[in-house]
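Visitor: Okay, here's what each chain looks like letter by letter:
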Amino acid sequence: MSIKVTLQQDLVGLQRSLLQPRSSGPAGWWSGFDNMFAKQLGEWFGTQRWLVQSLIWLGLINGLLGFVLFIVPALAGSAASSPADTQNPMLKGLTLLFSFAVEFGAIGAVILTQDEIIGEKQSGTAAWILSKPVARVAFILSKLVSGTIGVLVFVVGLPAIVAYAEIYLAVGQAPALPAYVAAMGVVALGLIFYLSLTIMLGVLFNSRVAVIGTALAVFFGSSILAEFSPATALILPSGIRDTATALAYGQPLPTDNWLMLGVTALWAIIFSVIAIWRFQQQEL
Amino acid sequence: MDGLTSSASVVIHTTGLTKAYAGVKVLDALNLQVPRNSIFGFLGPNGSGKSTTIKLLLGLIGPTAGAASVFGQSITGMSVAIRQRVGYLAQDPRYYGHMTARQTLHFTARFFYDGPAKRIAERVGETLELVGLADKADRPIRAFSGGERQRLGIAQAQVNYPDLLILDEPAAALDPQGRHDVLGIMERLRNHTTIFYSTHILEDVQRVSDRVAILNNGRLLAEAPIAELLAGKSGASIYTLTLRGDPDELKLAQSSISSQSWVSGISVRQSGRDDIWQVSVTDADRAAAQLLGLIMKSAHITVSGFGRKSHNLEDVFLQIVERSGNNVH
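One line per chain: the protein sequences are A and B, in this order. Numbering of the first sequence is given in the numbering used here, commencing with residue 1 and proceeding in unit increments. Numbering of the second sequence is given in the numbering used here, commencing with residue 285 and proceeding in unit increments.
Note that these hints are calculated values from the structure, not bench results. Among these hints, one or two may not hold up.
Covered stretches of chain B, going by a simulated chain A footprint (3 or more residues, C-beta under 8 angstroms) [claimed, not checked]:
#1 341-350
#2 401-407
#3 489-497
Note that this is a predicted model, so its numbers are computed, not measured. By construction, the Cβ of each residue, glycine as well, lies at the ideal position given by its N, Cα and C atoms.
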């Protein structure tokens, strides 16, 4: 071996030694999670996406709530009272808020996460990432956790803060804060259900249509099924809106609602476990 | 085995590695050993199983049968640990289009290194320089051409100073200048890494490889140091003679040569007034010593050209693939 080659190798070795290797274990399931997670969060908060998402959800949830709470009564003026006007203003405000948050939020969670897995599989970026020291569990978890944070901030958190002020201004009284936060937690749980379902479907299917179609079928189907068979309301999150409204209004929750919340959380865990399990077996 | 029996000197070791889809074998019992610090060319026509082998080594797909290890670690159980020491360039590399080249390399480096940030940034800068993308470092990748993406692919594959560089058709999408540059980069990297690369561009293999494996229809047809493959491992060779003379004398000489035990065939063609003979022999040494003497026995034959035909890899490749009874797709 020539002196030149030896010197070159020494130089490379020296340059390499100046870098601090990752300390994660040789085959840890979390390997690569922090870098993937930082990249995922960067896509939510490091680009203009945060502005776009803020405007969309503030417009959809708070814009519509404001329209119903402030504009509609002003337009109605001194016209004869409709039956809705006889409803408690606080209950009316909370019902509207949680209707918008759950209905739009669930569809939004599906749309926002439908491309997370399937897009990476189809574009080839998943294969690229997984050619690096990234565990498949870490890959899916980074999607689940970052997606949950994004949805909770833009679809739940931000509109919830503004809606609190809107209800206070419209009704002249603010909802009890702990109950309001707990109710938003219920909404968040419902959205996490749809988010984890969509991520799982992204792992199982190779078609965006199949992913969106199945997730929306679960969303609309659960409401329809609950009409015909109240028992299904226990195993599907069709009662999230009413549960959140009741909780925010300070009403005690029947056991069935608590059961439904527990089952919804269980579903979200099952979807996540299936997504991780199936993704570990997939060929990229 | 060329001294490959020591596990420390072997980077990739496969034993009966097989991959089948719906019962159809795309890789059939591959036995391969890639020596440390070699440039190992993995040759084969499209669909021969090259990319499948690479994906198996990286854990992107799982084997149907057989086993393989990289750095002595099993590809099925220790894939993440293996990938810590590997750099990989895919055949059609894809990255996040919204990221710039610099961001992509920084993101890649972060899978391997915790810091320091300044040194990581320097390393990213070095790799951008190496592949000639320094002036385009801050442009989003979605605007990159195929060649630029390929260069970025090489940069991201070696940003972590890999002990093993796996390149799947690294020069296929490049123009001649780009190909030249990529081969130059490979030659520069050979001193401190092992390079395992697949290609169907035989000229490139002949230029940079130490060792070659030829794959067709999922089966390994040959594996040898390139010099050995080009020389003909069995001693088989072809001699070309340019002759002129009496046709009857030429016929006699032809039958005399054909009767030699070390001659496997003679093909004759006319070129003006000359006969061009191609004599295939099984023992090149005996041919070198005796062939010309047999011709010169006749005083009525003039020899104006005599030489051993030099093989190029394309000849060898086609011979091997045709001998295997399969056509190149």
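Visitor: If you check each hint against the structure, which ones fail?
Guide: Structure breaks hint 3 only.
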